[in-house]
Amino acid sequence: MGRSLSDLLVFVAKRLVQLVPVLLGVIILTFVVTHLRLTGLCNEWYPHAGATTLANCNAKYGAPLINQFWQYFTGLLQGDWGQSVTGIQVYPSIAADLPATLELVLASLFLMVVIGIPLGVIAAQYSGRLGDHLVRILYLSGWATPTYLGAVIAAVFIGPYLGLPTSGEYSTTIPPFNQYTHMSVVDAAIALNLPYTVDAIDHLILPAVVLAFINMGIATRMTRASMLEVLPLDYVKSARMKGLAEFWVMYKHALRNALITTTTVLGITAGGLLAGTVVIEEVFDWPGIGQYAFTAIGGNSSTPNFDGAVAVVIIFAIAVVVANLVADILYGLLDPRVDWR
Amino acid sequence: MATVVVKVRTDGPLSVFWRVLRANPLSFLGFLMVAFLGLTALVVVVAPGLVVPYGPLQQTAARNAAPSQQHLFGTDNLGRDIFSNVMLALPLDLGIGFAIAGSALLIGGALGLLAGFYNTPGTVGGWVSVSIMRVTDIFLSFPSLILALALTRVLGLGVGPTVLAITITWWPFYVRLVRGEVLAVKHLPYVNAARAAGVTENRILLRHVLRNVLEPMIVYFTLDIGTVLVTYSTIGFIGVASKYPGTSPEWGAMLAFYQQTGSTNVYPWLVIAPGAAIFVTVLAFSLLGDGLRDILDPRTRRAFVRGTITHDPPPETPAPLPIASGAITDSNPVAPVNVVETRSQT
Amino acid sequence: MTEPVIDVEHLSIIYTVGAGVFQAVSDVSLKIYPGQVVGIVGETGCGKSTLAQAIPRLLPEPPATIGAGKIVFRGTDLVKVSKRQMPMIRGTGIGMIFQEPLNSLNPAYRVFDQIAESIRIRHYRDMGYVKTFQGGDAPFDYSKPAASTTVGGSLTRSIVPDGALEEAARDRLRTRSEFRDEVLEYLRLVRINDPETILNLYPHELSGGMRQRIMIAMALSEKPSLLIADEPTSALDVTIQAQVLTLMKELIDEVHASILFISHDLGVIAETADEIGVMYAGRIVEYGPVAEVFRSPRHPYTKALLRAAPSRYKSEGPLSSIAGSVPNLSRPPPGCRFNPRCPLVRDICRGEHPPLAPVDRTADPEAPGLHRSACYFAEEVPGLP
Chain A
1 MGRSLSDLLV FVAKRLVQLV PVLLGVIILT FVVTHLRLTG LCNEWYPHAG ATTLANCNAK
61 YGAPLINQFW QYFTGLLQGD WGQSVTGIQV YPSIAADLPA TLELVLASLF LMVVIGIPLG
121 VIAAQYSGRL GDHLVRILYL SGWATPTYLG AVIAAVFIGP YLGLPTSGEY STTIPPFNQY
181 THMSVVDAAI ALNLPYTVDA IDHLILPAVV LAFINMGIAT RMTRASMLEV LPLDYVKSAR
241 MKGLAEFWVM YKHALRNALI TTTTVLGITA GGLLAGTVVI EEVFDWPGIG QYAFTAIGGN
301 SSTPNFDGAV AVVIIFAIAV VVANLVADIL YGLLDPRVDW R
Chain B
1001 MATVVVKVRT DGPLSVFWRV LRANPLSFLG FLMVAFLGLT ALVVVVAPGL VVPYGPLQQT
1061 AARNAAPSQQ HLFGTDNLGR DIFSNVMLAL PLDLGIGFAI AGSALLIGGA LGLLAGFYNT
1121 PGTVGGWVSV SIMRVTDIFL SFPSLILALA LTRVLGLGVG PTVLAITITW WPFYVRLVRG
1181 EVLAVKHLPY VNAARAAGVT ENRILLRHVL RNVLEPMIVY FTLDIGTVLV TYSTIGFIGV
1241 ASKYPGTSPE WGAMLAFYQQ TGSTNVYPWL VIAPGAAIFV TVLAFSLLGD GLRDILDPRT
1301 RRAFVRGTIT HDPPPETPAP LPIASGAITD SNPVAPVNVV ETRSQT
Chain C
2001 MTEPVIDVEH LSIIYTVGAG VFQAVSDVSL KIYPGQVVGI VGETGCGKST LAQAIPRLLP
2061 EPPATIGAGK IVFRGTDLVK VSKRQMPMIR GTGIGMIFQE PLNSLNPAYR VFDQIAESIR
2121 IRHYRDMGYV KTFQGGDAPF DYSKPAASTT VGGSLTRSIV PDGALEEAAR DRLRTRSEFR
2181 DEVLEYLRLV RINDPETILN LYPHELSGGM RQRIMIAMAL SEKPSLLIAD EPTSALDVTI
2241 QAQVLTLMKE LIDEVHASIL FISHDLGVIA ETADEIGVMY AGRIVEYGPV AEVFRSPRHP
2301 YTKALLRAAP SRYKSEGPLS SIAGSVPNLS RPPPGCRFNP RCPLVRDICR GEHPPLAPVD
2361 RTADPEAPGL HRSACYFAEE VPGLP
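Protein chains in written order, with this note's numbering: chain A, 1 to 341; chain B, 1001 to 1346; chain C, 2001 to 2385.
Don't read these hints as lab results, they were simulated from the structure.
Note that the structure is a prediction, hence the values are computed from the model and not measured.
For each residue, glycine too, the CB sits at the ideal point set by N, CA and C.
Chain A stretches covered by chain B per the calculated footprint, using a threshold of three residues with CB under 8 Å from any CB of chain B:
| # | stretch |
| --- | --- |
| 1 | 25-33 |
| 2 | 133-142 |
| 3 | 147-158 |
| 4 | 275-289 |
| 5 | 292-298 |
| 6 | 305-315 |
Taking CB as the label site, the calculated pair distances span:
| # | chain 1 | residue 1 | chain 2 | residue 2 | range |
| --- | --- | --- | --- | --- | --- |
| 7 | B | Ala-1193 | C | Pro-2060 | 30 to 38 Å |
| 8 | C | Pro-2062 | B | Ala-1061 | 58 to 66 Å |
| 9 | A | Asp-339 | C | Leu-2319 | 44 to 52 Å |
| 10 | C | Pro-2334 | B | Ala-1193 | 36 to 44 Å |
| 11 | B | Leu-1032 | A | Leu-164 | 31 to 39 Å |
| 12 | A | Leu-164 | B | Gln-1070 | 32 to 40 Å |
| 13 | B | Val-1045 | A | Asp-339 | 52 to 60 Å |
| 14 | B | Leu-1050 | A | Asn-67 | 55 to 63 Å |
| 15 | B | Gly-1125 | A | Ala-245 | 54 to 62 Å |
| 16 | A | Val-114 | C | Ala-2309 | 51 to 59 Å |
| 17 | C | Thr-2175 | A | Ser-171 | 47 to 55 Å |
| 18 | A | Leu-164 | C | Arg-2084 | 33 to 41 Å |
| 19 | A | Ile-66 | B | Leu-1188 | 43 to 51 Å |
| 20 | B | Gly-1125 | A | Ile-66 | 25 to 33 Å |
Bound conformation, chain A alone (with noise of 0.2 Å):
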């Protein structure tokens, strides 16, 4: 019966253990993927730089490979993750738009665990029949969307007619209290301030909604899934022979094994959310990694920012792998019958 506290956190550091290998071959994969063609962009990058720059970059980006690799992985070790075009150091932006992000990324998962899963249980409950067709539709739609897409019909129609701000964190830049988090909800909260956070709220709405919208697919499909194979089982059918109501018999029961192999699907949904919050970010000009990501890009014809933009990929690497570690963490803790030790 392995499976105490104790147990637990053995299988937590395992875990651990084992993410140290994968983000080293995510730094390496993403610098050698990053860093193969690198002469000539120079030209390209500085189309108006002087001579010296022009050097310069050639010089940093000519040397062999190997060696430009030791240089980055201790800068990144260091905190040093480069600079823009215009010597603004990464890792600094990063660090303070990437609260921004979790709090998009985390309304949107409330939203896709609270309306999704729930969807796909009534899509097993009536399976075959109307219910399940119209589910199907709802979630094909939100996944046949582009990010895009969706963002600018919300941002552009949806936005002004139901009189949404499209538009920041706030209706002002700076809000009238210390940002201690700077997850916009999350500061006007502590401050007390009501109509701040209600403010805050507002702006979170449109593009949590829109992220939640096109990535719940996943989740609603896995559940109803999951559902279906479930529910033919005896054990519901005892549920329902207590007399327990329809409804704790569905989720009481049925869902509580039905959600273990829904957690699986934890770590593509982050992807797929943290993908998103690149054009979601940008549309709504909500000021986080994903915002920043697309102007290092190039999104826009800005200048693109080499060094943010690796640092960028790296970091949504992590995250998918932090949030496939969770995943497995939760299927354990979910599932009885997963020994710990």
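Keeping the supplied structure of chain A fixed, place chains B and C upon it in accordance with the hints.
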């Protein structure tokens, strides 16, 4: 000893088709949509005069015109016909989708077959298999969109490099899918029976394993075309793929251009037309693929049960396999049916 | 004359599925009296499990529909009760145990929680916190605890000895630890020694036989008047099967609940049942006291079935089987469904389906305990080889 005569009732293809349609109306709708889009794309390529009224850069007198009979999707501020541009982008976008998904399928599928089949530890094959899976796992940690974007920075702008960039980020999914399926099938009783009969491993791989793997691969491929399209046009939106306006329009690029330069609240068709085109195309493939997945998944195959409903020999699928050791982050396969889970829009 | 605990009249159940419409159960009538054990035997696919699960309306109603008939339990026709109201009836008098012990206990919850859940629901009903069904023409008041009803018999032995709970505790909601004693008693009832040790275990940590006992305990904790056992021993190996059967027989004596026992195993039914019904292709083809049916079957199918069971007295010669195969229930043969395989078949068999009539023509058809057969030529059956 009496001979037993068994009469087998075989259904004609028409009644099977009809039953599929009734059971799965949405997927049938998807099938129709995909067929329609394919045909239209073919016509645009072969006989553009039939469906494309104007050239992509052709400026007409009607400026910023709302949709009308002459300009089905309206025009932009220089009188370029949106409908023509959307139509011309159709074969390009479809072709890109097929090309990327297809290449990823071939590369990833082959690697997956190898990694799954020849994975006995201690052999050359085992070592190759492990390295393939390690590399795949690392690739899978990246949201595809992000990695592809980074690659475009390196490979350059334009259709070709972008296609290459996305393909490079795409093949790992097929490796994991195919490997999972191969592992599940490799030791099925009938495969072992073939081994006992003396069939060589290679032949087993090609004849038996491959056949079982084909089904989920097709489902995944169908769904993937849509996802690829979304990714490609998102890259186009971010502005690093095709140039619009140009001779070779692309939906994502169109949308990005008009979102930035057009007054979309006054002339919404500029944005809605290419957006709807993407939406409809991806939805078509998604409906088809999702329906196919339901047909192939034994759990959801209820509509096709034939014969008496017997109650209840123990279920054939065992209770969900506990993922004992880090299967999500490791290279262990999740229960095969679950592997046909696609990625999100990355 | 005592009222039956459950009175099934002319029940028909059809499954509508993509491939067709299947008549899983056709015109089945059954009466189970208090304290009786009725066994239903039949091959796989004959409809016995469908029948068993239809009684508490457990069948998923979209593919399955109750075409006709009544299921009268405590004066209420369960067929007419809406899906919404069924939870209020279930758990007040019908318990069910299933075949596959691994799947009938929720793998995510511990043993204590699962048994305590049904006790807690009963407790809420007793306290009036949860609605129970007040049927249209029900002579019974379901708001009273099940133990107080006299008809149908319920657990006559008091599970929690009087005085075990303080007076005050009887009138308020009990806490988790107060359920503990009752849970332990039910576990002891199913002959689990040292039940404290398994309270906190999960189902996957227990053996098949143990899980089956827990399922029986869970069903009994609802204090049912009718216990439906759907092939409870079919998934167990022979030694465990014997243990569970012994347990059930002892329980039959102790708790005075009626049991509807479904099985495909003739031996198991012979050991436990008072009356037996033989089902074939969705209909009951023979019914009667167990000893009589076994000794002198009056339906060709029953006879063939009994003959097909390998006997330790015949050690040579081919195993006998029944020629032909079970009919496709979406297109059953006209008249008697056994007629394609029956040695006694005549033209009349392909006309109207023979009624389940008493073998003794002189007896009153309504009398209980009669040996009945659905064959026009029941008298000729004893003459078959």
